[in-house]
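One letter stands for each residue in the lines below.
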Amino acid sequence: MLSSISGIHRHIRNTFNALLSKIFKKKPDMKLGLYGPVNAGKTTLANRICLDWLGEELGKASVIPHETREIQIKEKVTMNHNGKSLNFNLVDTPGIATKIDFEDFLKYGMKKKESKQRAKEATKGVIESIKWLDKMDLVLVVIDSTQDPINQVNITLLGNLDARKTPVIIVGNKIDLKKSNLKRVREAFPQYEVIGISAKNDKNMKELYAQLFKKL
Amino acid sequence: MIRIKLKIKFIPYEKTCNDNFKDLLKDLQKDTIILIDAKLKPEQEAELIKKTMEKVSEKFSGIELSSIDISPEKDSTLFEKLRGFVFQLTTGKRRGMTVIGPAHIITKIEKNPEELMLYV
Numbered sequence: 000m001l002s003s004i005s006g007i008h009r010h011i012r013n014t015f016n017a018l019l020s021k022i023f024k025k026k027p028d029m030k031l032g033l034y035g036p037v038n039a040g041k042t043t044l045a046n047r048i049c050l051d052w053l054g055e056e057l058g059k060a061s062v063i064p065h066e067t068r069e070i071q072i073k074e075k076v077t078m079n080h081n082g083k084s085l086n087f088n089l090v091d092t093p094g095i096a097t098k099i100d101f102e103d104f105l106k107y108g109m110k111k112k113e114s115k116q117r118a119k120e121a122t123k124g125v126i127e128s129i130k131w132l133d134k135m136d137l138v139l140v141v142i143d144s145t146q147d148p149i150n151q152v153n154i155t156l157l158g159n160l161d162a163r164k165t166p167v168i169i170v171g172n173k174i175d176l177k178k179s180n181l182k183r184v185r186e187a188f189p190q191y192e193v194i195g196i197s198a199k200n201d202k203n204m205k206e207l208y209a210q211l212f213k214k215l
Numbered sequence: 000m001i002r003i004k005l006k007i008k009f010i011p012y013e014k015t016c017n018d019n020f021k022d023l024l025k026d027l028q029k030d031t032i033i034l035i036d037a038k039l040k041p042e043q044e045a046e047l048i049k050k051t052m053e054k055v056s057e058k059f060s061g062i063e064l065s066s067i068d069i070s071p072e073k074d075s076t077l078f079e080k081l082r083g084f085v086f087q088l089t090t091g092k093r094r095g096m097t098v099i100g101p102a103h104i105i106t107k108i109e110k111n112p113e114e115l116m117l118y119v
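So the protein sequences, as listed, match chains A and B. For the first sequence, position 203 (counting from the first letter as 1) is numbered 202 according to numbering that gives the first Met the number 0, and the numbering increases by one without interruption. For the second sequence, position 61 (counting from the first letter as 1) is numbered 60 according to numbering that gives the first Met the number 0, and the numbering increases by one without interruption.
Some hints here could point you the wrong way.
Partial selection, computed: residues in chain B whose CB lies under 10 Å from chain A [said to hold, decoys possible]:
id	residue
1	44
2	102
3	103
In silico DMTMM-like pairs for lysine to aspartate or glutamate, Cα to Cα no more than 20 Å straight-line [unchecked claim]:
id	chain 1	residue 1	chain 2	residue 2
4	B	54	A	69
5	A	75	A	136
6	A	134	A	51
7	A	134	A	103
8	B	49	A	74
9	B	107	A	69
Because the hints were derived from the structure by calculation, they are not lab data. Given the structure is predicted, the values throughout are model-derived calculations rather than measurements. In this text, a Cβ means the ideal position worked out from N, Cα and C, and glycines have one as well.
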């Protein structure tokens, strides 16, 4: 009986401490993750953040799906805003998908062998992305604002982050494009903060950075 | 006229509870569409995506997945909320339905809050 009470006490204390450390961001190696479906612009955003605060890019972005097939980390990124600074490790993740067909890559002029290899690596990338969900302290869910936001990847992703109590900001990317519909993204996920940006054209990044400071 | 043969299998939610989607993936690889009588938890969906990725090959490109959640809405009456709560508590299920299909058969699933539309 006593040991069971002590176990409950320990559980409450650990939960409380974890909550406190999240609120007061004591973690020295805080991880900011970029998550989202394929081709939403995660790596373009990662490159924009790295260019703005480190003066160098993180990885190669491409119109061919699954360009990022491994977790990419830029350590010790420091952001400054209104006299405050924020230190974190930026984690760019492979796009999450429920299907990967090697034939889709052939349309981009890739050879069959190369396409098969890319598909194989992409499946591993999706698995890695999901595994890394547990390690994140804050996640930017990057959504292509020209596409329908209600898709299973976004729903599963946000549901998992919610279950883990990980803070989330939804980034509606590609607002420079004519088809962009940020209102649709906001209506799809009314319970989340949605910031519209164009990572490629450096649009609205200051608002995103301000929101990051608010969130942490 | 083009005839398409579709196999649809109904699975009780309880069969997915141990997060072992082995049998389910075997069916999906054999061109079967799966219907589950509840909404999967987000963690189960993520696990299913992971397991699916392990099975992706030249013949099996993955899945289309979608679900309807019929848990009480915010503006539901107290009775409806209580009924939903009791249902989840006693059965362990999230009220709703899940559809999973092989991606080479189901090209798209359109979802609105109350219905799912499968395109083959």
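These are the hints, each one checked on the structure:
1. For residue 44 of chain B, the suggested interface contact is upheld, since its CB lies about 4 Å from the closest CB of chain A, less than 10 Å.
2. A cut of 10 Å between beta carbons decides the hint on residue 102 of chain B: the least distance to chain A is about 4 Å, and the hint holds.
3. With a least beta-carbon distance of about 8 Å to chain A, the hint placing residue 103 of chain B at the interface is held under the 10 Å criterion.
4. Proximity of residue 54 of chain B to residue 69 of chain A is assessed by CA-CA distance (about 19 Å); at most 20 Å being required, the pair is judged to hold.
5. The straight-line distance between the Cα atoms of residue 75 of chain A and residue 136 of chain A is roughly 15 Å, inside the 20 Å bound, and the hint therefore holds.
6. As the CA atoms of residue 134 of chain A and residue 51 of chain A are separated by approximately 25 Å, the hinted pair breaks the 20 Å bound.
7. Between residue 134 of chain A and residue 103 of chain A the CA atoms are separated by roughly 31 Å; this puts the pair beyond 20 Å, and the hint is violated.
8. For the given pair, residue 49 of chain B sits about 27 Å from residue 74 of chain A by alpha-carbon distance, which is inconsistent with the 20 Å threshold.
9. Restraint check for residue 107 of chain B and residue 69 of chain A: the C-alpha separation of about 27 Å exceeds 20 Å, so the hint is violated.
Comparing the model with each numbered hint stated earlier shows that hints 6, 7, 8, 9 do not hold.
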